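Student: So you can see what is in the structure, the chains are spelled out below.
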Amino acid sequence: MIEARSINKVYEDGTEALKDISFSVKRGESCSIIGPSGCGKTTLLFIFSGLLRPTSGEAIINGEPARLPDMKDVALILQDYGLFPWKNVFENVAIGLEIRGIPGKEIKRTVDSLLKSLNLNGFEKYYPKQLSGGMRQRVAFARALALRPGILLMDEPLSSLDALSRENLQNFLLELWIENKITMLLVTHSIEEAVFLGKKIVVLSPRPGRVVKIVKNPDAGSIEYRDKEEFFEKCREVRQSVEAT
Amino acid sequence: MQGSETKRGSYLIAIILIVIFWYILSVVVNSPALPPPNTVLLSLISQARTGLLEHFLISTYRVIYAISLALSLAVPAGLLSHERAIDRFVAPFLYLLYPIPHIVLLPLIILLFGIGDLSKIVLIALIIFFQILVTTRDAARNVSDYYVYSLLSLGANKRDVYRHVIFPACLPKVLTAMRISIGTAIAILFFAESFATTKGLGFIIMDAWSRADYSGLYAGIVSMALLGFILYIILERIEARVCRWV
Ligand SMILES: Nc1ncnc2c1ncn2[C@@H]1O[C@H](COP(=O)(O)OP(=O)(O)O)[C@@H](O)[C@H]1O
Ligand SMILES: [Mg+2]
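Those sequence lines, one after another, are chains A and B.
Just so we're on the same page, the numbering used here is the position in the first sequence counted from 1, plus 4.
Just so we're on the same page, the numbering used here is the position in the second sequence counted from 1, plus 28.
Rather than coming from a laboratory, the hints here were simulated on the basis of the structure.
A couple of the hints might just be wrong.
[Said to hold, decoys possible] Pair by pair, the computed Cβ-Cβ distance ranges are: (1) A:Arg230 - B:Ile114: 48 to 56 Å; (2) A:Lys133 - B:Thr88: 53 to 61 Å; (3) B:Tyr260 - A:Ile64: 55 to 63 Å; (4) A:Glu241 - B:Asp115: 26 to 34 Å; (5) A:Gly225 - B:Asp166: 44 to 52 Å; (6) B:Arg36 - A:Lys133: 41 to 49 Å; (7) A:Lys133 - B:Val55: 47 to 55 Å; (8) B:Phe257 - A:Thr19: 33 to 41 Å.
[Said to hold, decoys possible] Below are the DSS-like pairs computed for lysine-lysine, each with C-alpha atoms no more than 30 Å apart in a straight line: (9) B:Lys186 - A:Lys112; (10) A:Lys133 - B:Lys201; (11) A:Lys129 - B:Lys35; (12) B:Lys186 - A:Lys91; (13) B:Lys186 - A:Lys76; (14) B:Lys227 - A:Lys133; (15) B:Lys186 - A:Lys129.
[To be verified] Some, not all, of what chain A presents toward chain B, calculated at C-beta under 10 Å: (16) Val14; (17) Glu16; (18) Ile99; (19) Ile103; (20) Leu151.
These numbers come from a predicted model, not from an experiment.
Note that the Cβ used here is the ideal one computed from N, Cα and C, for glycine as well.
Let's have the full structure, built from the sequences with the hints guiding it.
Tutor: See below:
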């Protein structure tokens with residue numbers, strides 16, 4: 005369960021990033037956040053993951069204020085993947101488990117099976133710069149999923165990928181959500197992606213980000229949705245409220 | 029492997045060219061002050077039997093001790109400069125003390141550490157300490173918050189951040205600083221060994237010089253070049269191993 009209670013964020017230099025943000029995402033629900041660049045989407049995810057504190061208001065995760073390092077149920081995937089260039093694929097995926105003090109044998113077992121399920125086996129020794137964008141993104145997913153999070157926060161995870169890997173990974177995320185009942189919060193600036201993946205779509209205004217509209221999207225949750233008339237109808241609806249901002 | 033073969037080849041070519049150039053120069057100059065390489069080689073071999081190796085090892089010990097000492101102080105201090113509060117405290121000391129030519133502190137060093145080995149080591153260490161500190165500090169201050177956030181979001185504490193982000197991110201810069209420091213260390217080593225000692229390559233060179241034993245003098249110089257070369261090779265091996273990601 006994720007809850008934003010009238011969150012305001014003003015940076016030290018006076019930049020107003022977020023204004024009176026309130027919405028909630030139920031356990032097992034998926035929610036997309038869409039808004040123009042610079043409207044405070046990354047700031048909002050940083051607040052939910054406990055990296056930043058709101059200036060006023062509260063970010064509540066599973067009933068508690070978001071505060072590191074006690075955020076074991078939350079995994080964050082940063083914009084541009086957040087991988088460490090000095091760690092190879094295996095080390096990048098293992099790092100979260102290592103920090104939590106999981107024994108090496110168990111780490112190896114978890115990482116090996118994740119890499120296999122993401123088609124990354126054989127690339128353990130590669131460094132991020134040797135991988136394509138799609139592969140880097142899968143490494144970032146593997147790292148987040150290694151922690152078996154109940155809540156997954158993602159900052160424009162697919163925006164720098166080509167159309168094909170993008171659609172593949174959208175399907176991957178959808179299956180992940182359906183099979184594991186993960187609570188997902190996905191920042192994107194693609195309307196189609198927001199509609200395909202979010203049961204709920206939060207539309208933000210330009211900076212300072214305010215909630216313009218929360219669009220309900222009950223039909224999301226199947227691969228076939230992408231080709232249905234309801235999907236295109238919903239995209240039109242979201243586009244209208246984005247353009248109205 | 030093919031890479032290291034061609035590398036070895038190009039080192040060989042460089043050595044051959046230097047020797048040829050040296051030989052021609054010695055013929056042109058035609059003075060006892062520049063003996064040809066074959067004479068120096070013979071002197072090197074005969075001296076190796078009569079104690080040159082011991083001097084070589086003592087010089088090696090002094091340089092490696094000094095570099096280790098400087099590294100073990102400069103790297104932690106430099107990395108901690110990532111902390112703004114610490115840097116605000118450290119930076120003024122750095123800017124006030126760095127520009128001093130530290131070699132003029134020799135009398136003070138001798139006063140504090142005597143005229144033995146330790147003061148020679150401290151002198152070398154002091155000078156390269158600043159070189160390594162300045163570079164490491166710059167690198168630590170420039171580590172992007174992005175990586176720090178990335179690690180913190182996984183539940184990391186401060187120690188994890190230094191171990192998994194700040195240290196590895198700065199390591200290439202530290203190794204570059206070390207490369208520069210090796211050259212400096214050997215130059216200071218020569219100076220430090222030219223007084224108050226009867227051991228080391230610096231002593232060999234000064235001693236041969238005062239006796240006008242020019243082939244002995246060049247044997248010392250060649251040994252010193254060899255010492256620097258070996259240190260560079262070791263550093264390069266380390267770099268190739270730990271900086272594969274760059
Ligand atoms: N550390 C910071 N200090 C000051 N301003 C910041 C900081 N981080 C982000 N901002 C500003 O806050 C606004 C929102 O940024 P961000 O959350 O990154 O937007 P988005 O992710 O929607 O593109 C932008 O105008 C950005 O320049
Ligand atoms: Mg952003």
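Student: Work down the list of hints and note, for each, if the structure agrees.
Tutor: Cross-check of the supplied hints:
1. A:Arg230 - B:Ile114: 48 to 56 Å: At 53 Å between Cβs, range holds.
2. A:Lys133 - B:Thr88: 53 to 61 Å: Taking Cβ atoms as reference, Lys133 of chain A and Thr88 of chain B lie about 37 Å apart, which means the hint is violated.
3. B:Tyr260 - A:Ile64: 55 to 63 Å: Once the Cβ atoms are compared, 58 Å apart, the range 55 to 63 Å for Ile64 of chain A and Tyr260 of chain B holds.
4. A:Glu241 - B:Asp115: 26 to 34 Å: 52 Å, violated
5. A:Gly225 - B:Asp166: 44 to 52 Å: Between Gly225 of chain A and Asp166 of chain B, where Cβ atoms are some 51 Å apart, the hint holds.
6. B:Arg36 - A:Lys133: 41 to 49 Å: 28 Å, violated
7. A:Lys133 - B:Val55: 47 to 55 Å: 52 Å, holds
8. B:Phe257 - A:Thr19: 33 to 41 Å: 54 Å, violated
9. B:Lys186 - A:Lys112: Holds, at about 25 Å.
10. A:Lys133 - B:Lys201: 19 Å, holds
11. A:Lys129 - B:Lys35: 25 Å, holds
12. B:Lys186 - A:Lys91: With Cα atoms ~19 Å apart, Lys186 of chain B and Lys91 of chain A stay inside 30 Å; holds.
13. B:Lys186 - A:Lys76: 17 Å, holds
14. B:Lys227 - A:Lys133: 50 Å, violated
15. B:Lys186 - A:Lys129: Answer holds: Lys186 of chain B to Lys129 of chain A is near 27 Å, not above 30 Å.
16. Val14: Since chain B brings no Cβ nearer than about 18 Å to Val14 of chain A, farther than 10 Å, the hint is violated.
17. Glu16: 12 Å, violated
18. Ile99: Hint on Ile99 of chain A: holds, closest Cβ of chain B at ~6 Å, below 10 Å.
19. Ile103: Holds - the Cβ of Ile103 of chain A comes within 10 Å of chain B, reaching about 5 Å at its closest.
20. Leu151: 7 Å, holds
The structure shown violates the earlier hints numbered 2, 4, 6, 8, 14, 16, 17.
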